[in-house]
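Q: Now for the letters of each chain:
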Amino acid sequence: MTPETKHLEVTLQTQVESVNVAEEVCLRVAEAAGFGEDDCYRIGMSVREGVINAFHYGNQEKPDKKIYLAVHLTADKMIIHVLDEGKGFSLADVPDPLAEENLLSTSGRGIFLMRAFMDEFDVVTGQNGGAEIIMSKKLPGSSESNGQGGQDA
Amino acid sequence: MALHATPRDAGGVTVVDLSGRITLGEGSALLRKTIRALLEEERNLLLLSLGDVDYIDSSGIGELVSAYTAVKNRGGDMKLLNLTKKVRDLLQITKLFTVFEVFTDENEALRSFS
Numbered sequence: 000m001t002p003e004t005k006h007l008e009v010t011l012q013t014q015v016e017s018v019n020v021a022e023e024v025c026l027r028v029a030e031a032a033g034f035g036e037d038d039c040y041r042i043g044m045s046v047r048e049g050v051i052n053a054f055h056y057g058n059q060e061k062p063d064k065k066i067y068l069a070v071h072l073t074a075d076k077m078i079i080h081v082l083d084e085g086k087g088f089s090l091a092d093v094p095d096p097l098a099e100e101n102l103l104s105t106s107g108r109g110i111f112l113m114r115a116f117m118d119e120f121d122v123v124t125g126q127n128g129g130a131e132i133i134m135s136k137k138l139p140g141s142s143e144s145n146g147q148g149g150q151d152a
Numbered sequence: 000m001a002l003h004a005t006p007r008d009a010g011g012v013t014v015v016d017l018s019g020r021i022t023l024g025e026g027s028a029l030l031r032k033t034i035r036a037l038l039e040e041e042r043n044l045l046l047l048s049l050g051d052v053d054y055i056d057s058s059g060i061g062e063l064v065s066a067y068t069a070v071k072n073r074g075g076d077m078k079l080l081n082l083t084k085k086v087r088d089l090l091q092i093t094k095l096f097t098v099f100e101v102f103t104d105e106n107e108a109l110r111s112f113s
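Chains A and S, in that order, give the protein sequences.
Quick note on numbering that gives the first Met the number 0: the first sequence kicks off at 0 and runs consecutively.
Quick note on numbering that gives the first Met the number 0: the second sequence kicks off at 0 and runs consecutively.
What the hints contain is simulated information worked out from the structure, not anything from laboratory work.
Take the hints with a grain of salt, since some may be wrong.
Listed next, the in silico DSSO-like pairs over lysine-lysine satisfying Cα-Cα at most 30 Å (straight line) [what the hints assert, rightly or not]: (1) A:76 / S:32; (2) A:64 / S:32; (3) A:65 / A:76; (4) A:5 / A:65; (5) A:86 / A:76; (6) S:32 / S:71; (7) S:85 / A:76; (8) S:32 / A:61; (9) A:5 / A:64; (10) S:71 / S:94; (11) S:32 / S:85; (12) S:32 / S:84.
Based on the sequences and whatever the hints tell you, model everything.
A: Here is the structure:
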């Protein structure tokens, strides 16, 4: 670990309250890192959606499974990992929630929101075979910060 | 902040004053329970007042869509009133602004049901 890099790892139970815990943890890190109110909202929402995804789709709400949250604060960005113990999935298989036929769907907007609110977003297969969401936001004032990524919400 | 839902009659329309967060868990569940109870009483012209709702996640969005569909299936209508900027922006990027009728004035919203 380089001196300018900070790491935080939390193991969460597969329960609804873990969504709030994860959001709260990441909001504190984001605020301490100097993100403004709008970016904190986007980061908090993205973490919520990542953990909801792990809770519901990945771990299928099974309480014996765990959700692993990791936050890395580098010199220029905040990187968040959310890993579940499910079977994994491919982004290519996720329906587009903006398609006319999906507008009235009652689910399936979480991935879209994370993509919209973060600068970088990807889903890979974790070491345990589950889905690992990796997303990042450039730190305010960082040399790589270009104001892109994230809608005006 | 937990969600609070308070229905009130306004002519033939039921206005539901909501405050707090509509998120996975209690918030979404309370919204679902409130809408179901109103529909069971055959109150199917609903105006959801969201001026004090400052946060909705994808679960809350799903619950709003579910409520809208349930009301429509009963031959009724459901509209939204007084969105905060965050909620308005969320409905815009998810294209749900093209689904929901949204008002900023309660009287105008109520008149639109007749």
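Q: Compare the structure with each hint and give your call.
A: Results of checking the hints against the structure:
For a cut-off of 30 Å, the pair hint linking residue 76 of chain A to residue 32 of chain S is broken: about 41 Å separates their Cα positions. With a CA separation close to 29 Å, the supplied pair residue 64 of chain A and residue 32 of chain S stays within the 30 Å bound. As the CA atoms of residue 65 of chain A and residue 76 of chain A are separated by approximately 26 Å, the hinted pair is consistent with the 30 Å bound. Taking the CA atoms of residue 5 of chain A and residue 65 of chain A, the gap is about 23 Å. The hint holds against a cut of 30 Å.
About 29 Å separates the Cα atoms of residue 86 of chain A and residue 76 of chain A, which keeps this hinted pair within 30 Å; it holds. Restraint check for residue 32 of chain S and residue 71 of chain S: the C-alpha separation of about 17 Å stays at or below 30 Å, so the hint holds. This hinted pair checks out: residue 85 of chain S and residue 76 of chain A have alpha carbons roughly 24 Å apart, not beyond 30 Å. Of the pairs offered as hints, the one joining residue 32 of chain S and residue 61 of chain A holds, with about 24 Å between alpha carbons and a cut-off of 30 Å not exceeded.
With a CA separation close to 27 Å, the supplied pair residue 5 of chain A and residue 64 of chain A stays within the 30 Å bound. In summary, the hint linking residue 71 of chain S to residue 94 of chain S is supported, as the alpha carbons are separated by about 19 Å, within the 30 Å threshold. For the proposed pair residue 32 of chain S and residue 85 of chain S, the alpha carbon gap of about 24 Å is at most 30 Å, so the pair holds. Between residue 32 of chain S and residue 84 of chain S the alpha-carbon distance is near 26 Å, which keeps this suggested pair within the 30 Å criterion.
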